[in-house]
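2 protein chains.
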Amino acid sequence: MSPDASPVSVNTPVTLREVAAAAGVSVATASKALNGQGRMTAETRERIRETARHLGFRPNSLAQSLLRKRSFTVGLLTNDTYGRFSLPLMAGVSDALVDKGVSVFLCNVEDDTRLGQLHVEAMLDKRVDGIIATGKRIDRHLPVDLSNLRIPVIYAFTQPDAGAVGLVSDDAGGARLAVEHFLRLGRRRIAHVSGPASFAVVHARAEAYRDVLKENGLAVSEPLLGAWSEAWGHEAVEKLFGSAGREGWPDAIFCGNDQIARGVIDALRERGIRVPDDVGVIGFDNWEIVAEATRPPLTSVDMNLSTLGREAGLALLSLVDGQPAAPGIRKLPCRLVVRQSCGSPPE
Amino acid sequence: MSPDASPVSVNTPVTLREVAAAAGVSVATASKALNGQGRMTAETRERIRETARHLGFRPNSLAQSLLRKRSFTVGLLTNDTYGRFSLPLMAGVSDALVDKGVSVFLCNVEDDTRLGQLHVEAMLDKRVDGIIATGKRIDRHLPVDLSNLRIPVIYAFTQPDAGAVGLVSDDAGGARLAVEHFLRLGRRRIAHVSGPASFAVVHARAEAYRDVLKENGLAVSEPLLGAWSEAWGHEAVEKLFGSAGREGWPDAIFCGNDQIARGVIDALRERGIRVPDDVGVIGFDNWEIVAEATRPPLTSVDMNLSTLGREAGLALLSLVDGQPAAPGIRKLPCRLVVRQSCGSPPE
Numbered sequence: 001m002s003p004d005a006s007p008v009s010v011n012t013p014v015t016l017r018e019v020a021a022a023a024g025v026s027v028a029t030a031s032k033a034l035n036g037q038g039r040m041t042a043e044t045r046e047r048i049r050e051t052a053r054h055l056g057f058r059p060n061s062l063a064q065s066l067l068r069k070r071s072f073t074v075g076l077l078t079n080d081t082y083g084r085f086s087l088p089l090m091a092g093v094s095d096a097l098v099d100k101g102v103s104v105f106l107c108n109v110e111d112d113t114r115l116g117q118l119h120v121e122a123m124l125d126k127r128v129d130g131i132i133a134t135g136k137r138i139d140r141h142l143p144v145d146l147s148n149l150r151i152p153v154i155y156a157f158t159q160p161d162a163g164a165v166g167l168v169s170d171d172a173g174g175a176r177l178a179v180e181h182f183l184r185l186g187r188r189r190i191a192h193v194s195g196p197a198s199f200a201v202v203h204a205r206a207e208a209y210r211d212v213l214k215e216n217g218l219a220v221s222e223p224l225l226g227a228w229s230e231a232w233g234h235e236a237v238e239k240l241f242g243s244a245g246r247e248g249w250p251d252a253i254f255c256g257n258d259q260i261a262r263g264v265i266d267a268l269r270e271r272g273i274r275v276p277d278d279v280g281v282i283g284f285d286n287w288e289i290v291a292e293a294t295r296p297p298l299t300s301v302d303m304n305l306s307t308l309g310r311e312a313g314l315a316l317l318s319l320v321d322g323q324p325a326a327p328g329i330r331k332l333p334c335r336l337v338v339r340q341s342c343g344s345p346p347e
Numbered sequence: 001m002s003p004d005a006s007p008v009s010v011n012t013p014v015t016l017r018e019v020a021a022a023a024g025v026s027v028a029t030a031s032k033a034l035n036g037q038g039r040m041t042a043e044t045r046e047r048i049r050e051t052a053r054h055l056g057f058r059p060n061s062l063a064q065s066l067l068r069k070r071s072f073t074v075g076l077l078t079n080d081t082y083g084r085f086s087l088p089l090m091a092g093v094s095d096a097l098v099d100k101g102v103s104v105f106l107c108n109v110e111d112d113t114r115l116g117q118l119h120v121e122a123m124l125d126k127r128v129d130g131i132i133a134t135g136k137r138i139d140r141h142l143p144v145d146l147s148n149l150r151i152p153v154i155y156a157f158t159q160p161d162a163g164a165v166g167l168v169s170d171d172a173g174g175a176r177l178a179v180e181h182f183l184r185l186g187r188r189r190i191a192h193v194s195g196p197a198s199f200a201v202v203h204a205r206a207e208a209y210r211d212v213l214k215e216n217g218l219a220v221s222e223p224l225l226g227a228w229s230e231a232w233g234h235e236a237v238e239k240l241f242g243s244a245g246r247e248g249w250p251d252a253i254f255c256g257n258d259q260i261a262r263g264v265i266d267a268l269r270e271r272g273i274r275v276p277d278d279v280g281v282i283g284f285d286n287w288e289i290v291a292e293a294t295r296p297p298l299t300s301v302d303m304n305l306s307t308l309g310r311e312a313g314l315a316l317l318s319l320v321d322g323q324p325a326a327p328g329i330r331k332l333p334c335r336l337v338v339r340q341s342c343g344s345p346p347e
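One line per chain: the protein sequences are L and R, in this order.
In this text, residue positions in the first sequence follow the numbering used here: the first is 1, and each later residue adds one.
In this text, residue positions in the second sequence follow the numbering used here: the first is 1, and each later residue adds one.
Everything labelled a hint here was simulated from the structure, so no lab data went into it.
Just so it is clear, the structure is predicted and the values come from calculations on it, not from any experiment.
The beta-carbon is built from N, C-alpha and C at its ideal position, and this holds for glycine as well.
Chain L regions said to be covered by chain R (calculated; three or more residues, Cβ under 8 angstroms):
id, segment
1, 19-33
2, 97-110
3, 220-234
Please model the entire structure based on the sequences and the hints provided.
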């Protein structure tokens, strides 16, 4: 089925997935064949074993665990199949799992407890090896109780149950990256325009913004909180530049998301204020379709969500493999993607 | 488990899903209990049957088929888990299926034939009842052969195999909606700015644009083909308004997607050309995050992708139920979402 499957280098361990691909069967079938389980013809079993011998397959401890009891399927529960946050995260989960020959069973529970319960039951029926729960925001629970399942659960970009393992982005660290970048470029009057006060990340980022300015002995102006929209970016520029004299204007604006930043930049251009010459702007999310279309292209904080998803997938596999994990929330670092909206360091 | 489960009105048939929810079990378990199959305690089976009796459950022909042989799971294959086209489509599929108590098993095959083969094998291992294939664009095949599976397959927003059932948006019809809307508003010099010539939809939409203008005895200017980007929208405005005298300017621009339209509107504003007073603009895709943030908000053609996904889900269930379907491509209508970028009809 895969005529190009050839023995791989002796330096890289052959995976069960490679055996399966070379034999033209699923990973689950290959697992059963090598483990002497499952229903299949003797010819098929022998052919798969011969393929494994030919490739030099050596089951490692994870693989042996897989051989014993696994279905090679994990459930991914989300209430956000539209969102641009959960999508890269889900892609990262898939990438991590497919490398181990594991398929993902995605269910959208929306905001419906009964629907969530049905989907969890269906996942248990399918004997998934574990469940990853993800959502729209890190300060909300999914509308389903996962605390008493018989299988491992990892939470990623959603509020974990008590005693569980949760992975989230380090929003305060991301905000630090932005403000410290402005400082390195010589900006000193830095404003912060962000989303609604009902979001925990708004406060985490605003606090980091204040902390960095205080640590550097600079004036802190109160963050302007509004909506996650371009329209709010326009409005915030009116507030910041409408009344004060030129000497009161900020020389940098750290925005809570890329849409706000885009609105800010458009509004500045329409006032004849130059970006980045007069004012530097940084966004948050690094949503490329927005950040790259902004004029000039937008420097933005990236939450590394696909890495976060990848880590969640690997953490789940460790739990499935019987390795204990410390409960609690683990924060993964953000990174700053520099484009043209902040300019170069001063001479 | 669901204390709020109460007998439903006698006018709406009770579904298996409702029985399952009321009994606090999965649909598959409820199915097995009512069908005398599966492993469970006699107490559980009797409890589920009592719940079904209490609710007045009557298996219909589809439900009876379900009771016989179904796993209540379908596979959704895609090579586009990021895309804004497949996401609403996938949500529509899920909505349609969850109404029937069916869970969706989503796999991303990327552009990798071996990965695709592995995922299809995993789906067959899990005994999915059928597969829906969807992708990034309607003129490309998924990188996996689904033509000889033992289970039903429906293609949605991707190129179907010969002899299969495919559902796609009616792009020509969508373009007609846009151009005819301009004509009703009294616009007569209508330009078309679209994406790359390598896309089949670019030609389908351009041909419909030409047809409508010819049918109305109006001048057809050659469509400007470029990229699916805001930057191309800016560039196209330079081409259309840069050299010609004012009398050569179009009074309407039909754009191939919303990003182009946004670039067009921004570029017009920067030239002091008023939208919609001087020039009306229509986009395509109705990507709300773009269409609603455009100033003025953008009138756009919506491909009704979640309806398309819903229809694909229902078509798959019909096939699973043994009802034959005519092979070939079925085009589903678009609709025009009117916002403020075209103005009102002339007095």
